[in-house]
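Dock chain to chain to rebuild the complex, using the hints, since each chain is given by itself in its own frame.
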Amino acid sequence: MLLQYWPKSTNVRFMSFRLPALLFSAILIAASFALIFTKGMNFGIDFAGGSVIEIEQPEGVQEEDVREVMGGLGLGEVGVNAARGTGVEAIEVIVIRFATQPAEPGMDQDTAQQQANDRVRAALNEAFPGLNVRSSAAVGPKVSGELLRSGLMALAVALALMMAYISVRFQWKYALGAVAALFHDVIITMGMFSLTQFEFNLSTIAALLTIVGYSMNDTVIVFDRVREEARKYKKMEPDKVIDLAVNQTLSRTLLTSGTTLLALFSIYLFGGTVLSGMSFALIFGVIIGTYSSVFVASSVLLLLGLDQGEKQRREVEGFQGV
Amino acid sequence: MLNFPAWKVSLILIVLVWGAVMAIPNAFTDGFLGVEPREPQSNAPQDIAAFQDQMDAAEESWWPGFLPTSKVNLGLDLQGGVYLLTQIDPAEVAANRLETLQTDIVQALNRDPLIQRDVPEQQGTTLPIQLRNPEDMDEALRRLRRINPTIGATGSDRVLSIERTGPQRIMVSVSEDAQQALAADAQGTMITIIRRRLDPDGVSEVSITPQGDTRIVIEAPGEADPRRIKNILSQAGRLTFNMANMDQSAVNAAQATRPPPGFELLVDEFGRPMLVNRTPVVTGSDIASASQGRNPDDNSPAVDFRLNGTGAERFGQTTANNRGQIFAIVLDGTVMSAPRINEPIWGGNVQITGQFTLEEAQDLADIIEAGELPAKLNFIEERTVGPGLGADSIAAGTNASLIGLALVGVFMIIAYGLIGSFAVGSLLANIVLILGALSGLGATLTLPGIAGIVLTIGMAVDANVIVFERIREEQRNGRSPTTAVIAGYERALSTILDANITTFIAASILYLLGSGPVKGFAVTLAIGIVTSVFTAFVVTRWFTSMWLRLARPRKLSI
Chain A
1 MLLQYWPKST
11 NVRFMSFRLP
21 ALLFSAILIA
31 ASFALIFTKG
41 MNFGIDFAGG
51 SVIEIEQPEG
61 VQEEDVREVM
71 GGLGLGEVGV
81 NAARGTGVEA
91 IEVIVIRFAT
101 QPAEPGMDQD
111 TAQQQANDRV
121 RAALNEAFPG
131 LNVRSSAAVG
141 PKVSGELLRS
151 GLMALAVALA
161 LMMAYISVRF
171 QWKYALGAVA
181 ALFHDVIITM
191 GMFSLTQFEF
201 NLSTIAALLT
211 IVGYSMNDTV
221 IVFDRVREEA
231 RKYKKMEPDK
241 VIDLAVNQTL
251 SRTLLTSGTT
261 LLALFSIYLF
271 GGTVLSGMSF
281 ALIFGVIIGT
291 YSSVFVASSV
301 LLLLGLDQGE
311 KQRREVEGFQ
321 GV
Chain F
1 MLNFPAWKVS
11 LILIVLVWGA
21 VMAIPNAFTD
31 GFLGVEPREP
41 QSNAPQDIAA
51 FQDQMDAAEE
61 SWWPGFLPTS
71 KVNLGLDLQG
81 GVYLLTQIDP
91 AEVAANRLET
101 LQTDIVQALN
111 RDPLIQRDVP
121 EQQGTTLPIQ
131 LRNPEDMDEA
141 LRRLRRINPT
151 IGATGSDRVL
161 SIERTGPQRI
171 MVSVSEDAQQ
181 ALAADAQGTM
191 ITIIRRRLDP
201 DGVSEVSITP
211 QGDTRIVIEA
221 PGEADPRRIK
231 NILSQAGRLT
241 FNMANMDQSA
251 VNAAQATRPP
261 PGFELLVDEF
271 GRPMLVNRTP
281 VVTGSDIASA
291 SQGRNPDDNS
301 PAVDFRLNGT
311 GAERFGQTTA
321 NNRGQIFAIV
331 LDGTVMSAPR
341 INEPIWGGNV
351 QITGQFTLEE
361 AQDLADIIEA
371 GELPAKLNFI
381 EERTVGPGLG
391 ADSIAAGTNA
401 SLIGLALVGV
411 FMIIAYGLIG
421 SFAVGSLLAN
431 IVLILGALSG
441 LGATLTLPGI
451 AGIVLTIGMA
461 VDANVIVFER
471 IREEQRNGRS
481 PTTAVIAGYE
491 RALSTILDAN
501 ITTFIAASIL
511 YLLGSGPVKG
521 FAVTLAIGIV
531 TSVFTAFVVT
541 RWFTSMWLRL
551 ARPRKLSI
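Quick note, the sequences are listed as chains A and F, same order. Sequence positions in the first sequence follow full-length UniProt numbering and run 1 to 322. Sequence positions in the second sequence follow full-length UniProt numbering and run 1 to 558.
One thing to keep in mind: the hints can contain errors.
[Unchecked claim] Simulated crosslink set (BS3-like; lysine-lysine; CA at most 30 Å straight-line): (1) F:LYS519 / A:LYS142; (2) A:LYS142 / A:LYS232; (3) F:LYS8 / F:LYS230; (4) F:LYS555 / A:LYS232; (5) A:LYS142 / F:LYS555; (6) F:LYS230 / A:LYS142; (7) A:LYS234 / A:LYS173.
If you are wondering where the hints come from, they were derived from the structure by calculation, not from laboratory data.
Excised from the complex, chain F in its bound form (with noise of 0.2 Å):
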């Protein structure tokens, strides 16, 4: 128990040094490690020159390339930010994918010889189609079966389930097995889409998560006001350039009845009325890119897009076949602008003008040329911690962890003199290595997670105390002080396993099953025990045995 050769000791050191060296980059700033320091958090003037001496440092720096830079993740609890968690609605994704897929069955059903039927009207996730000829049906469902396409990698499963519910009438829909099946799909489509909106050149910390299968989480860290966010988020980015109709006879008759079939009813930004055809002329997978510019009359902000060759294609022919017509822009439902065509626009090149701010121009370029969500986001939950209170946690936790570091170390040399104060050098050893483990793994720290560290620095003492009690008692027994020593740390060992792989449970299940901050208490805890032991039945053993080797003392003052 007390015998420690070479390759033991050298063992011990290295796993101390590593924990040092791992430890090491949190004590300096980014600066004097050579790393290019974040992007400022405002552009407030002390920011911005704080930011130029931290990059003005990292060009002086003197910091070996072979040391880890490296430093423990803070949470957004302590480096303030916003947590956003968001739900899709598997029903609507699977309502804009029947509504994309109408396209293909008006089509099918249009091939020579064309099944007559009414014009269908989508209600949510169903489509009823009413055939002329009952005769047709067969043909009918054999069309629609070809082109329904299939879900996921398999292939075996379909999107729409078609069915047969009278001698004219066909069932088209989407099933709940399908709804979800879609939604899991869109996921990740729309953690790529998000991605690009917020973060267009590729340079934020912004981290995008899926949870389950609905839902994403999205985690900003330095960001203050959520609803930036927010807004960039909740439209879904679907923009169509459809035909209109603002003649004032139609309009009246549609408000005081129903649009016609195939038409909506739609408000530009004056407010005037138009009947606008639902079926698109241009869609968002025709743009080829988006970005903010400005309104040649008045310089004011606007937004420019330019078509992909089909597009700009299609949107020539229309426009030049539909001259003196209106064309509506139509952005998630709202009809941004409705110019009247004066000739045909071919090239491709479109701008969007109105009453934007230049950001509003800039997030909405963005956001069309991100592409469209397949479904809205709805926000369920957010958490917002600014700056301000990020910082005061940090120094609340660093001055009660000293505090009780401080507390700890002196309650053990008192009570235990001597060889207490190995307990306090296996102690420092035990941080240093939470430290490392946290910066090497790259787990995050939190404001519990800190909490945490503070109860590991209270409980780590314990397997030191029970071998000293198990030594103390050894030693009234009749021992010399070398025999009670090996006999202690012998019998203690089961004991101290026992109680810590206890431990050790409680704090896996909260991370299996915490959430954020919590997950980061699970964390340091479950580093903390693992250390704990390792600092307290080796390291302070090691100390113990050298010291007993030197001093070779009669009795144990314990």
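Excised from the complex, chain A in its bound form (with noise of 0.2 Å):
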């Protein structure tokens, strides 16, 4: 229907932006580290360790009252906030978080976190009868180690394996551009998840290897034209092959890009406030990585140097007549 009004064959030329889209890439890149470093990452309890009680707030009780009441049992610096809950109907709540605590005389620090829930929803039920709990979750520090630790292994992993695959399938200057790409829309996502403080958490690790598997997705599509386009067009300038292929699988890219931006806003409006960090990195990752299959990973390949004449090595015609 509509899609007959979009031109037939768009003739944009990307290459000709490769280097401002680099330089431009590299700017965010830089960036990116610059704040990763320096501001540092909102982890939340995940990854820093400590304590969060989400209650539902009682008729006529403040968060002063709730300060108050966290006051008398010394776990050093408590924050309470009143926001705003998940929900269908909106539900008024305040959120409790303190920090890991410090190790007694016979227990570690992760047991001491779990005592110090413990006597935080004693002391709750005592001051506010009735009180409804809405979560409440305590991780020590040597969990929260570990599961920092296996969040990064899993990137590691993914992106090595992403590297082979891409390696057996393309040559290995297609893999390098993939890779890039992939390594830019990663930290790029981070440093947006620094500047904005939004919490990192295991959820956020999740959105970043989703959208390390969209944005190869992206690249490989483009790739895989490319490919075709060079094999075909052997006289072709290479900037203009790049160009071929990117126009060719144009409409696809950003009617894909689209159709999961609006799935993903969906979650992001209606999913509640659970969900709300996870599809904000998807959202922004889809983004980013749209952008950089084609300036980033096409761009990189180009400055690789496209192979079109000789026969390429390690090619494999595969899945044909699967």
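Now the structure itself:
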């Protein structure tokens, strides 16, 4: 229907922007690194350890009342904030946070954290009878350290496997271009989390891995076309070949990003607060991933030199006729 | 590519119908399906009433028995519940094991001819033994090595390392390796005991699973407060009867310096200090059963238990020999009560009275009956979701899915018209298949898992879009509709597979390395990738081929 009105063939000279685009990306990456190392990430309790307790706001009870109850427990600094809870109807909640507790005699930090949580619950139940605790979590430093390590490990393994797969299916130059785009996406998304101080937790790692998968998906589709056209037009300038491939896949790239973003925005807006961090990461990642498969992956491929004439090494004409 | 013989069509239909049949129970309540409903979450009247309604509905259900009734498993974040991660300390397991082995060690050294030594004092996982006569050394080592128990199934490794550290000194200890092996052994035992404590009647849905060698995960759906579980499990449940001495001068002397060898200084429920003999008369393994009872004097809650034959015999003999003395009932290093022996207690029926509430007495009875944990459980992670938040998350997730589905569907129809509606049809089939697969595999759906489904909705049309774009191109190059469609599908296949395999790799890693809710995300993402390739490449193609055959269009309007 409407797509009939989309130009039959676009002819945008994407590769003529490759140097400004690479410069732009380099600046973003540098800025992201700077942010990550100076401002740091706002690690949630998954990675930093500590406790979060969310209670339904009892009638007539204010933040100060809760703060007062917490003040008597000797937990160090305790954050008490009113917020809107997840739900179809708006629910007023109060979120209580406190950091990792010091170890006590005969008890390590992890156990001390658990006992602190139990003390808070007991104190809250006593101060506000009939209190509805919506959620509570306490993560000891031992566990949070492991979660962070295994999360970063998962990212590293995913990147390595992607690179291996692409190296088998394409030439190494393509693999390098694709992986450059992946690092680009992951680092800039992390920079965004540092800038906005959105909570960085286990779901964020899940989102980053999904971004890696999505961005790879996009890059593979563009590269598939590049390879096809490069074989077809052996005399054409390399940058023209890439432009042709990107233009041919452009409407697919935009359509798929469009439907994915539609779905993600509906999670971000209607999926409740628990999912908002994850969907924020995914939305940002899909946009940056779409950009990078055109400008970063293809530009790097062009810089490394596109092979058109001679028989390409390791090329597998796989999957046809499956 | 567009040739669908009858067997292919039936195969497609079988898959779709299977998905639908597996998915259908999710649309109905347990009662309607004739399944016994879950226990009510609380004693609130509305929960009880809802439970009763479902029971009644289950009685009248006409749901045929050959159809599946299992629904998607909801994760703790959606149905509410408590998740606890516990850690076993290998050194503590080893120290406890060494303590119980002391009886064997003492017996071995006491055998005729007696080996003279100082009373050994255990320090953590080591037990130094000081011999009186150096010439006993060889015999002592020989006797100790003979009682050294094996670890694990192979029988080649021993619990104790027994070393001569001086002419008269033997060091008995548990090595690092043995500690690890003991902890791994203890893990299985502990899972059994935890289950008996938390679920004495075997009815609750609590799940207790090992993680690594020294950790245990406890998941209790429907539980709103983790403190009860923590309380029941934080006690080792090591119950012993020991002879005690409350003689004032002896206690004073012990308080001034330190208790005599073989004794320890404990305090009873009234705060009275007493010297308790470290070697128990009766231990947890002598207890046959425990139950909640009543104190006959004032009808207050108490714990009754019965000793087994050997335990009752030993206890009767000891009480007969020690008339007028005090014995202490010790639970995890605390004296629960310290009665004076007025007359021998034969028959093995004993009652602990104290300041119990009814629930505390019941829990304590469960703990004693379940047996002693080989070591204390250390809680290191807790995540609790209340039933309110769980229900809200389900509602929000469902809303987001429906809105996402509607937006993507409208978008596809606007963009591609009729052929776009084929894609929407296969998108619906896709969702049914995802739900069917989740139900059929018994996979767990979490809140991030719902996000995974919504993401799949967005990405599932990708394969369709790739094909449609190819068809558009081929048609522009002057091909007829049918050949354009054939060429479109043929040329798009390798691209689609390449693109989806990469996302599948990401999902698999997430599944292998992720935990809890994140794992749920990986599951739906992975299932979604498989079903969306199937629906986009097979189901949409089938729809399109039927349409091409029936309508014979001159031109495709895409």
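Hint check:
1. F:LYS519 / A:LYS142: Since the Cα atoms of LYS519 (chain F) and LYS142 (chain A) sit roughly 21 Å apart, the hinted pair holds (cutoff 30 Å).
2. A:LYS142 / A:LYS232: 57 Å, violated
3. F:LYS8 / F:LYS230: This hinted pair is violated, its Cα atoms lying about 56 Å apart.
4. F:LYS555 / A:LYS232: 28 Å, holds
5. A:LYS142 / F:LYS555: Distance ~65 Å between LYS142 (chain A) and LYS555 (chain F) Cα, so the pair is violated.
6. F:LYS230 / A:LYS142: Roughly 19 Å separates the two Cα atoms, so the pair holds.
7. A:LYS234 / A:LYS173: Within the cut-off at roughly 18 Å; holds.
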